[in-house]
Amino acid sequence: MHLTQSTVGRKLLMAVTGLLLVGFITMHLLGNLSVFAGPDGINAYAEHLHDLGPLVWFFRLIMLALFVVHITLGVQLSLENRTATPVNYSIKKRMKTTFSSESMLYTGLILLAFLIYHLLHFTFQLTNPEISAHNLPLDAAMRPDVFTMVVLSFQKVFVSLVYIVGMLALFLHLNHGLSSFVQTFGLNNGPSQEKVTLGGKLIAVGFLLAYIAIPVLILARFVNV
Amino acid sequence: MDLTLHVWRQKGPKNNGKLETYPAKGISPDMSFLEMLDEVNEGLIKNGKLPIVFDHDCREGICGMCSQTINGRAHGGQERTTVCQLHMRSFQHGDEIFIEPWRARAFPVVSDLIVDRSSLDTIMQAGGYTSCHTGGVPDGNAHPIGKPVADYAMDAAECIGCGACVAGCPNSSAMLFTSAKVAQLAVQPQGKIEAKARVINMTDALQAEGFGNCTNHLECEASCPKGISIKFIAKLNREYIKTIAG
Amino acid sequence: MILDGKTPTGPIEKTWDKHRFDMKLVNPSNKRKFKVLVVGTGLAGGAAAASLGELGYNVEAFCYQDSARRAHSIAAQGGINAAKNYPNDGDSIYRLFYDTIKGGDFRAREADVWRLSQVSNNIIDQCVAQGVPFARDYAGYLDNRSFGGAQVSRTFFARGQTGQQLLLGAYSALSRQVKAGTVKMRERTEMLDLVVVDGVAKGITCRDMVTGEIQSYWGDAVILATGGYVNVFYLSTNAMGCSVTAAWKAAKKGAFMANPCYTQIHPTCIPQTGDHQSKLTLMSESLRNDGRCWIPKKKEDCEKTPGDVAEEDRDYYLERKYPSFGNLAPRDIASRAAKEQCDDERGVGPGKRGVYLDYATAIERVGEHTIKERYGNLFEMYEKITDENAYKRPMRIYPAPHYSMGGLWVDYNLMSNIPGLFVLGEANFSVHGANRLGASALMQGLADGYFVIPYTIAGYLATVTPGTVTDEHPAFKESKEQVQTQIDTLLNIKGKKTVSELHRALGKVMWEDVGMARSESSLKHALQRIPEIRDEFWNNVNVTGSGNELNQQLENAGRLADFLEFGEILATDALHREESCGGHFRTEHQTEDGEATRDDENFAYVGAWEFKGNDKAPELHKEPLKFENIKLAVRSYK
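Protein chains in written order, with the working numbering: chain A, 1420 to 1644; chain B, 47 to 292; chain C, 2 to 639.
Pulled out of the complex, with its shape left as it was, chain A reads as follows (with noise of 0.2 Å):
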C-alpha cells in the first residue's frame, strides 16, 4: 500500500491523523472549560459523556487508532531520517527550522508520556485515588463530582506543573504541526507560507492559553471547590 509506505503517503497520514487529533483536543478542550461554570458544568458533561455508553468506547477506538498510526508513523519517520544523517556538522547553522520542527519527536513522545499519566489520573483514577470522582461524595445534583476532582488536583502543585509542562509540549508539537498541515496538503502557495505559520503559531497559542487556564486559575485560587 503506497500510502502507508512511500515517503509522501506517511507524511499525509501524518497530518491527517495529526488535524484529526487535533479535532478532538478542540472539543476536549470546549469540555475543560467547563470547569469555570462550576459543577453544574463539568460535571452535567461528564455525565452526558457517561450516557453515550458504547458511543464512546467506540470514539476512544478510533482515538486509538489515530495515536497508534500517528506514533507509529512518527517514530518511524524519525528514524529513517536520522538514519539519513549518519554524519553530524561539527557546526550546523539552521536558518528556518525552528525548534519546534525539530523537537516533534521528542515533543511528541511527552504528548504521549502525559497522555498515559492523564488516563491514569482522570480516566482511570489511580493516581490520586483519594480525590477521585470514584471517592468522593457525588453532587448535589447526584453526579459523580468531576468539578471536585478537577479543583482537588490541581490545587497539588505537582499535578499543575505535569499539566503546564505537558501543555507547552502541545503548543510545540502544535507550532510546527498546523502549519505543516497546511504544506503538506498541498494548499500553500508561497507568499501564503509566512500567513500560514503565524496563522499556526496563533492557533498553538490559543491552546496553550486555554488548557493551562484550568490549572494555573486552580492553582491561583480563581476558582474553588
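These are computed hints drawn from the structure, not numbers from a lab. As the structure is a computational prediction, the values presented were derived from the model and not from experiment. Glycine included, C-beta positions come from ideal geometry on N, C-alpha and C. Mixed in with the good hints, there may be bad ones.
[Claimed, not checked] Below 27 Å or equal to it, Euclidean Cα-Cα: the simulated DSSO-like pairs (lysine-lysine) are:
1) C/Lys253 x B/Lys92
2) A/Lys1515 x C/Lys353
3) C/Lys385 x A/Lys1512
4) B/Lys57 x C/Lys481
5) C/Lys385 x B/Lys71
6) C/Lys497 x B/Lys57
7) A/Lys1511 x B/Lys71
8) B/Lys60 x C/Lys509
9) C/Lys180 x B/Lys288
10) A/Lys1511 x B/Lys57
11) C/Lys185 x B/Lys95
12) B/Lys57 x C/Lys495
13) C/Lys373 x B/Lys193
14) B/Lys238 x A/Lys1512
15) C/Lys498 x B/Lys71
16) B/Lys57 x C/Lys498
17) C/Lys497 x B/Lys71
18) B/Lys95 x C/Lys497
19) A/Lys1614 x B/Lys288
20) A/Lys1512 x B/Lys64
21) B/Lys238 x C/Lys180
22) C/Lys481 x C/Lys617
23) C/Lys495 x B/Lys71
24) C/Lys7 x C/Lys36
25) B/Lys92 x C/Lys495
26) B/Lys92 x C/Lys497
27) B/Lys71 x B/Lys92
28) C/Lys180 x B/Lys242
29) C/Lys393 x C/Lys353
30) C/Lys509 x B/Lys71
31) B/Lys60 x A/Lys1511
[Claimed, not checked] Partner residues are not named here, just some residues of chain A that face chain B (Cβ under 8 Å, in silico):
32) Val1427
33) Asn1507
34) Thr1516
35) Ser1599
36) Thr1603
[Said to hold, decoys possible] Covered stretches of chain B (in silico footprint by chain C; criterion: 3 or more residues with CB under 8 Å from a CB of chain C, positions within the stretch not fixed):
37) 75-88
38) 101-111
39) 131-143
40) 159-172
Using the hints, position chains B and C against chain A.
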C-alpha cells in the same frame, strides 16, 4: 585579510576524516571563496602538502558542481549565492571559517569536500522527463502556455541540482530537488500526461536512494542558492494526492 | 592534401533532404549490436547520446563532471536562434543561413550552415516537447528577442538561463535512456586517448577520476562532443574543467585541427580584479540591447566616478564608429573596439582594463522596472561579483575569451578525417566560420546532437561490421600504457612550479600575443615562448599526490600539457593566416580606420593542421570554401 580555516580532510570514501586547521593569509576581499581556497592550495603545494580537493567547475553559479557547507550553512547561506559566487568581502579579518562537505547518507564523501551526488541523477532517471522522442513533435506554438504558467515552470526549473537542499535539511531529504522537477513538468501540457507516474516514481526513487523524509522544516528553501520555493513541495504533495485519489 | 568536405551538390535548399535520402540506414534490429561512445554530455553530446540510445544503439557516454547535467553548455545565458519567424519580421531559413555565413566572415561551409538553419526550427519544437520553459507572451506563445548581429527577433530564451534549460532538457532525455538501459553513463571519467586501429577510431582510454584507474572502452564509432579550447588563455569564461584534451589526443592520433586561430572574445564580461582571478564571468550579450558603451574622452577622467564625467566628455565609441549597429555591433568588433579604447589608456576600473556599459539612458526611457525585468539576474550577478549597483552606476565590462570557432576538422557528416571519429558542437570547426553570432552555439550543439548525427552516423555504421575490434585488441593495451606513462612522468617531475602558475604563464602569452589583435611579431614571440614554457612544464612542474586517487592537480597538469602543445598550433595557424577575419585579427591586415581586411583570394579555405610531433612543424591541409549562394562581401556593420 588573514583568516583561519577549519577544513574537512578525508582521503577517500573508506577513510576517516577530520577537520584540519590552515591559515589563509593576505586574502583579498575581491576574491571569490574558491579563489581563496586556490590560494591556500598553492601554499599547501609549495609546502609539500596535499591540496584540498573540492568540486567546482563553472565558477559562475550555474553548473551546481560546488558544494560546501561553510560555517554550518550550505554555500555559506547568503541569499541566491553558490560557493563560487560567495566573495571574501563577506568575511572579516581574523574570521574562523569551518568548511565541510555536504552531509547525507545519500551523498557519501568521495574525498575531502567532494561528495557523490549520483543519487540525484537516479531520482531524475526515475521520471524527471517527458517521454518524447527526438523528432516527430508538434510545433513549439501548438500548445500555448500562459505566461504565468511558463514563469512558474521556469521558477521551478532554475534548480541547479547542487544538493544544498539536502545538505541543509535536518532530515537530509531531497524533496525540494524532486518537487522542482515534478512541478515544472506537471504544469505544462507536455508534462501533464505522465504527471501521475512521475510523482510516484520520483518520490519512490528518493526514498530508495536513502534520503530522509520531508517534515516541512523549510530549511531547504533557505539553503537553496537559486531560491527555489517550498511551494513546489506543496505542488508535489497535491500531485501525489491527485494520484492516490485516482 | 586538399580536403574533401563531402558536401552534397545541387540547390542548397535541397542538400540536406537529398543527403538524408542518399545515406545508408542501419537495420533497426542491428542497431543494438553497434556500440557508440559519446564523450561529453553537453548540448551536443547529451542530445546525441539520448537520440542514439533511443534509436536503439548501444551507447556509452562519458563526462568529467559528477553529473551529465553540469556540462558547460549550462552557462549559456542569452538564447537560441531559430528561423521560426514567429514575430513576422522577415526571418526565414535563408536569412538565418545568410546571417550565419556573413557573421562568420565567409569562412564556413555553405551546406553545413544551411542544414543548421533548416533544423533550427525542429530544435525549438523538440525542447518545448521536453518541457523546456521558454519565455512566453501573455497569449501563451513563444517569445523572441533580438540578439547581437541580427536585425530580426529570432532568439528564443528561458530568462537568462537558456543554456541551462536546454541542457537540462537534453539531460532529461538522456536520463530517460539511462533508465531504459540504452545508454550507460560514466561520470567523473576523463578521456585521455583515442584508440585508432588500422586508421579507424575504435575506442578511447579514460581515467576514472575517483579511483585513478586507467580503463579502455571499445566502440564501433567514437563521438567527441568535448567543447572548446579557450582555456588555453587561462582566463576565460569557460568552466575550470574545460580543456582541449580529448580533441588534442585525437589530433595526436591523426585528426586534423581546423582553424584553431578562430577564437571568440566576448565583449561583455566582468573585468579582472587581480592576479588571483581564476576565471572570468560573462554577462549575456543581450545587455547591449539597452546599454551604451562609453569611456571618458580624456585620460584624466578615467579615475573619476563615472557620474562625474560630463556628458560631452564621454566617448560613446561604438555609436560613433558604427552608427547603424551602434552598441549591437558583432562580438569581435565590439570586443576589439573596447580593447582599442583601453590600449589608448582610457580604460576604467582596476588596471584600467574596462569600459562602461551605461543603462542611465535606458532607465530614463523605459524605467528601472523594465530594465530590472529584462536584466535583473544579470545586474544581480554583477553586483555579487563587483559589489556595485549597475542601476546607479554604469557597469564595467571587458572582453574575455569565450568560444572557439575552430576545432577538429569534420566533413559534412561530422566525421573527422579519422573514419569512425565524429566531432560535434563546439569541438568541431564546422558552422561558425571565423566568428560565431550570439545564440548560435546552443543551436549548433543541439542541431548536431539531435538532428544531424543520428542520420550521418548510420551512414557510416552501415558500412562497418559491429564489434570487429574490441578492447582485447593490442592497440588498447598500448593506449593504456601510453596514458599511464604520461601520468607517471607528470607525477615524477616533482619540480618547483605549480600547475596553475605555469598555466597562468601560458595564458599571459596567449592573451597578449595571440589574443584579440595579433601581429607577425607577437605571434613569433608566442611561438618562441610556448615551447619554453612547455619545457619548463616538463622539467619543473610539481604535481602532488598519486595516480590512484582523486587528484585534481594531476587532472589539471594533463590538461595543461595538452594546451601547451595545442597553443603552438593555434599561434602557427594565426601566423599563417595573413588576413583578418572574424575572431582572427591581424594588425597588418586592417583598413586605415582599423577595420579587418579579409583576403578571399588567398585565404578562402579551411586550414586543417596535422600534428607531426613537437619537434616538427605541423602540416597544413586545405579545404577550399566555395560560396555559390551568398556573394562574398565585405562585412560592414557601419
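These are the hints, each one checked on the structure:
Pair hint C/Lys253 plus B/Lys92 does not hold up; C-alpha atoms about 33 Å apart against a cutoff of 27 Å. With a C-alpha separation of about 44 Å, the suggested pairing of A/Lys1515 with C/Lys353 is violated against the 27 Å cut-off. Between C/Lys385 and A/Lys1512 the alpha-carbon distance is near 23 Å, which keeps this suggested pair within the 27 Å criterion. Between the alpha carbons of B/Lys57 and C/Lys481 the distance comes to roughly 26 Å, so the proposed pair stays at or under 27 Å and holds.
This hinted pair checks out: C/Lys385 and B/Lys71 have alpha carbons roughly 23 Å apart, not beyond 27 Å. Between C/Lys497 and B/Lys57, the direct Cα distance comes to roughly 24 Å. Compliance with the 27 Å bound is thereby established for this hinted pair. Taking the CA atoms of A/Lys1511 and B/Lys71, the gap is about 25 Å. The hint holds against a cut of 27 Å. Straight-line distance between C-alpha atoms of B/Lys60 and C/Lys509 comes to about 41 Å, which puts the hinted pair past the 27 Å bound.
Of the supplied pair hints, the one linking C/Lys180 and B/Lys288 holds, its CA atoms being roughly 25 Å apart against a limit of 27 Å. Of the supplied pair hints, the one linking A/Lys1511 and B/Lys57 holds, its CA atoms being roughly 23 Å apart against a limit of 27 Å. Taking the CA atoms of C/Lys185 and B/Lys95, the gap is near 37 Å; set against the 27 Å cutoff, the hint is violated. Taken as a hint, the B/Lys57 and C/Lys495 pair is honoured in the structure, with Cα atoms around 21 Å apart against an allowance of 27 Å.
For a cut-off of 27 Å, the pair hint linking C/Lys373 to B/Lys193 stands: about 18 Å separates their Cα positions. About 38 Å separates the Cα atoms of B/Lys238 and A/Lys1512, which puts this hinted pair outside 27 Å; it is violated. For the suggested pair C/Lys498 and B/Lys71, the alpha carbons sit about 20 Å apart, so the restraint of at most 27 Å is met. Straight-line distance between C-alpha atoms of B/Lys57 and C/Lys498 comes to about 24 Å, which keeps the hinted pair within the 27 Å bound.
A distance of roughly 21 Å separates the Cα atoms of C/Lys497 and B/Lys71; the hinted pair therefore holds under the 27 Å criterion. As the CA atoms of B/Lys95 and C/Lys497 are separated by approximately 13 Å, the hinted pair is consistent with the 27 Å bound. Using a Cα cut-off of 27 Å, the hinted pair A/Lys1614 and B/Lys288 holds, with the two alpha carbons roughly 25 Å apart. Of the pairs offered as hints, the one joining A/Lys1512 and B/Lys64 holds, with about 19 Å between alpha carbons and a cut-off of 27 Å not exceeded.
Between B/Lys238 and C/Lys180, the direct Cα distance comes to roughly 20 Å. Compliance with the 27 Å bound is thereby established for this hinted pair. Simply put, C/Lys481 and C/Lys617 have alpha-carbon atoms about 25 Å apart, close enough for the 27 Å limit, and the pair holds. A distance of roughly 25 Å separates the Cα atoms of C/Lys495 and B/Lys71; the hinted pair therefore holds under the 27 Å criterion. At roughly 25 Å between alpha-carbon atoms, C/Lys7 and C/Lys36 fall within 27 Å of each other, so this suggested pair holds.
A C-alpha spacing of about 11 Å is found between B/Lys92 and C/Lys495, which places the hinted pair at or below 27 Å, so the restraint holds. Distance check on the hinted pair: B/Lys92 and C/Lys497 sit about 8 Å apart at the alpha-carbon level, within 27 Å; holds. A distance of roughly 14 Å separates the Cα atoms of B/Lys71 and B/Lys92; the hinted pair therefore holds under the 27 Å criterion. For a cut-off of 27 Å, the pair hint linking C/Lys180 to B/Lys242 stands: about 18 Å separates their Cα positions.
Taken as a hint, the C/Lys393 and C/Lys353 pair is honoured in the structure, with Cα atoms around 21 Å apart against an allowance of 27 Å. Note on C/Lys509 and B/Lys71: the hinted pairing holds, with a Cα-Cα distance of about 25 Å set against a maximum of 27 Å. Distance check on the hinted pair: B/Lys60 and A/Lys1511 sit about 24 Å apart at the alpha-carbon level, within 27 Å; holds. Interface hint at A/Val1427: satisfied, since its Cβ lies 5 Å from the closest Cβ of chain B, which is below the 8 Å cut-off.
Satisfaction of the interface hint for A/Asn1507 is found here, the shortest Cβ-Cβ separation to chain B being roughly 7 Å, below the 8 Å cut-off. Taken as an interface hint, A/Thr1516 checks out: its beta carbon lies about 4 Å from the nearest beta carbon of chain B, inside 8 Å. Hint on A/Ser1599 holds. Least Cβ distance to chain B is approximately 4 Å, under the 8 Å limit. Evaluation of the A/Thr1603 hint against chain B yields a held restraint, the C-beta minimum of about 6 Å falling below 8 Å.
By the rule of at least three residues with a Cβ nearer than 8 Å to a Cβ of chain C, the coverage given for the segment 75-88 of chain B holds, with 8 such residues. For the segment 101-111 of chain B, the stated coverage by chain C is satisfied: 11 residues place a CB nearer than 8 Å to a CB of that chain, which reaches the threshold of 3. Note: the segment 131-143 of chain B has 3 residues with beta-carbon separation from chain C under 8 Å; the three-residue rule is met and the coverage holds. Counting residues of the segment 159-172 of chain B whose beta-carbon sits less than 8 Å from any beta-carbon of chain C gives 9, enough to reach three: the coverage restraint holds.
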